[in-house]
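There are 2 protein chains.
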Amino acid sequence: MIAELVCVGTELLLGNIVNTNAAYLAEKCAGLGLNMYYQSVVGDNEERMTQVIRQALERSDVVILCGGLGPTQDDMTKEVAARVMGKKLVEDPHTRKCIQEYMDNYLLSHPGLRLTENNWKQAIVPEDAIILDNGNGTAPGLILEKEGKSMILLPGPPNELKPMFEEQVAPYLQEKQPEIIFSKMVKVCGVGESMVEDQIRDLIDSQTNPTIATYAKTGEVHLRITARAENEAAAKKLIKPVVKELKIRFGEKIYTTDEKKTLEECVIELLKDRKLELTTVESCTGGALTARLVNVPGASEVLKQGLITYSNKAKRKFTLVKKSTLKTEGAVSARTAKEMAQGAVASTSCDVSVSVTGLAGPDGGTKEKPVGLVYIGCCCKDKTEVREFHFNGNRSKIREQAVVQALILLRESILKHYYCSL
Amino acid sequence: MIAELVCVGTELLLGNIVNTNAAYLAEKCAGLGLNMYYQSVVGDNEERMTQVIRQALERSDVVILCGGLGPTQDDMTKEVAARVMGKKLVEDPHTRKCIQEYMDNYLLSHPGLRLTENNWKQAIVPEDAIILDNGNGTAPGLILEKEGKSMILLPGPPNELKPMFEEQVAPYLQEKQPEIIFSKMVKVCGVGESMVEDQIRDLIDSQTNPTIATYAKTGEVHLRITARAENEAAAKKLIKPVVKELKIRFGEKIYTTDEKKTLEECVIELLKDRKLELTTVESCTGGALTARLVNVPGASEVLKQGLITYSNKAKRKFTLVKKSTLKTEGAVSARTAKEMAQGAVASTSCDVSVSVTGLAGPDGGTKEKPVGLVYIGCCCKDKTEVREFHFNGNRSKIREQAVVQALILLRESILKHYYCSL
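Going down the list, the protein sequences come from chains X and Y. With the numbering used here, letter number 276 in the first sequence gets 1613, and the count goes up by one each step, no holes. With the numbering used here, letter number 287 in the second sequence gets 1624, and the count goes up by one each step, no holes.
Bear in mind the hints are in silico, worked out from the structure with no lab data behind them. Among these hints, one or two may not hold up.
Repeated chains share a single entry, so a pair holds when one copy, or any two copies, can fit it.
As a list, the in silico EDC-like pairs of lysine to aspartate or glutamate whose alpha-carbon atoms are at most 16 Å apart [what the hints assert, rightly or not]:
1) Lys1581 x Asp1595
2) Lys1365 x Glu1348
3) Lys1706 x Glu1725
4) Lys1486 x Asp1465
5) Lys1483 x Asp1465
6) Lys1521 x Glu1454
7) Lys1706 x Glu1516
8) Lys1659 x Glu1705
9) Lys1597 x Asp1539
10) Lys1574 x Asp1535
In this text the structure is predicted, and so the values were computed from the model without any measurement.
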């Protein structure tokens, strides 16, 4: 089955934003076993949009349109798609109700605002369309079908598009595509991509079905094992021995084999299982480490507080770093990281702490302490380990790497000092 | 003059990489005053590539092709482009010399490698082509001209494409296109998109040159005013009265007219200008607010610490929230937000504090206090303002909105209480 992608938006044609939706949808379609031969971008212009959509429908089985479903006059994807598919537009009471509820809620928190007439435009849908509810906005997604072909309309904002695709579009497409593609993810942390590739070169070279693909993420490598088979059970059977082999080769470096699980989720789980309380102490990451842990629902069970000790004064006050340490070693030093971690445990009576101090730049670097130098400490059962890193990249890239390495050190420390409990 | 972009690459169709070249080239073309109506992506397939290139050439004056100029058999962009333009392929001695020099240099630093026969493929070029030297790789760029139309072939790697475009392609296009496009961004916070549109409907309806486009962001709306003129000065003159009118209509809701500036940058600037020290206190946002402020280089001048008081105990210990408040009103309440903000000022002797407490979900909501309920407090010059919000969306969306609204309240409080200093 052939899928084609049409992204709508003047901001894409002007280069104001990068088309991350295209990469996301293309990857998802590939995962579902669909072939994609073309992608296009077109602006909010009736004539040109009509031409692009018509051509896509001629040469592909599934056309995914994304963007242009908003409430403003510019937004015309739905109208054009309906015309190309020969469908009338009608008001959908269910969607109108959803919009009403969404907006009632929204207006509660935005007292100065009011519902404007153009919001109701989003309740108008092509007849017979399958409506895809939008939990994160007012524009519903739509699936139009005609003569064996499907046109799928999705809202442009990624936080609306992604859950809609995963929860509603992927199952729809999976049903249309008989041979299934099934994949399993093995996530490895604390090993570089080229080392991972080196260690599995023989597996990659001999692969046919299943295949192994590696994806480098910051501080992590994800291995996707993909099998093509007549059904899920058969695919799983093909994948199982590969996962087993990977577990032998990477051991504890594998933090999950669950596609949906993140590193921070696994860390929170380790803490929960062992009933450990955590305190974070951040300097250069400025809250980003804690924010990532708090991404995990239920993090409050184990994460009781975070201290962002950005200034030296705050480091002394909240984490009892010694004045002499700051003076002789400096705020960015192994000793400061160590004292931050130990002080956090002492002052909050938690079980485990993790600390980060470093130079994220762009200014403040010296020859001895260049931008990118970061110390990460972890205090666990009276043992404190500190690691030194020299990260490359800009301010945000350095901070991102620091956050991941802090999670990795935290994970490894917990596994090392609390190995018994499970 | 109309430009069209065709990106070639199977990795784009599989979603393995994000098409940042498209955004880069589109932005550059817009800056040069070229109109772009279409962008396409196609794989390394002769038939489909021929079709896409032929269509682009029919409807546009300048077709920019990027990718597929490498030395392997897959790479066929040059061959297909030459065929569509009716040009023979010939070896270019100058390019052959460049490749030889580049490779000699490369092999010096990679002792194990050797030059392979297919590298010479890159010295074969369409007759009469303008050769664009590549200082960062072996594939030269090419410009083919025929009947007033141009086809520009660029290598895919961004580090080769960008300098080639800026140094060689931009001057070529500028000469062909005397008129320029210039735009200015006006960023508004604390007003919804449809209300912004309502307030400027008359301006949008009557626009010709300059034009106004709106872009909705979380908690913000960005307005881009774009003018077409013979030079930058003339374009600026056209844009000026529109910006002035927008300033009259939105007043202080406009936080910047600088395209590159973010809301957090403007907040940090306000604090810096007034020499104010800030403490953040976060519960449900768990560090995300502070992390966003720390995105700004030099934030350490004004942000001294952040307290992530996730547990009730931490709220009491670090921000002196009263036990009775937590008991009678609960952790998610206006009074708790108020006491968090006030306690932060008291315990850290800062000038300004901002606090966030709320229910990010997915669990923990009740009928009285549903998921999405967030209180944001700001203590400034002994005055504490607390706002109540009911956000929609999932956990991360709720937290993202809370962060933006905290920045907005912080900004408004500073402007209100420290209006005099500038």
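Between copies, within a copy, both or neither: which fits Lys1706 and Glu1516 at Cα up to 16 Å?
Neither, since 56 Å and 47 Å both go past 16 Å.
Is the C-alpha distance from Lys1706 to Glu1725 at most 16 Å within one copy, between copies, in both cases, or in neither?
within (11 Å within a copy, 44 Å between copies)
Tell me, please, which holds for Lys1574 and Asp1535 at an alpha-carbon limit of 16 Å: within, between, both or neither?
Neither, since 26 Å and 58 Å both go past 16 Å.
Intra- versus inter-subunit Cα pairing at 16 Å for Lys1597 with Asp1539:
neither (27 Å within a copy, 47 Å between copies)
Is it within a copy, between copies, both, or neither that the alpha carbon of Lys1521 lies no farther than 16 Å from that of Glu1454?
neither (47 Å within a copy, 29 Å between copies)
Treating 16 Å as the Cα threshold, decide for Lys1483 and Asp1465: within, between, both or neither.
This pair counts as within: shortest intra-copy Cα distance 10 Å, inter-copy 48 Å.
Measure nothing new, just compare the shortest in-copy and cross-copy C-alpha distances for Lys1659 and Glu1705 to 16 Å and report within, between, both or neither.
So Lys1659 and Glu1705 fail the 16 Å test inside a copy (22 Å) and across (46 Å) alike.
With identical chains treated as interchangeable, where does the CA-CA distance between Lys1486 and Asp1465 reach 16 Å or less: within a copy, between copies, both, or neither?
Classified as within: same-chain Cα gap 14 Å, cross-chain 45 Å, threshold 16 Å.
My question is about Lys1365 and Glu1348: at a cut-off of 16 Å on alpha-carbon distance, are they close within one copy, between copies, both, or neither?
between (23 Å within a copy, 13 Å between copies)
Check Lys1581 against Asp1595 for me: Cα-Cα at most 16 Å, and say if that holds within a copy, between copies, both or neither.
Only inside one copy: Lys1581 and Asp1595 sit 14 Å apart there, 54 Å across copies, limit 16 Å.
Against the hints set out earlier in the document, violations occur for numbers 6, 7, 8, 9, 10.
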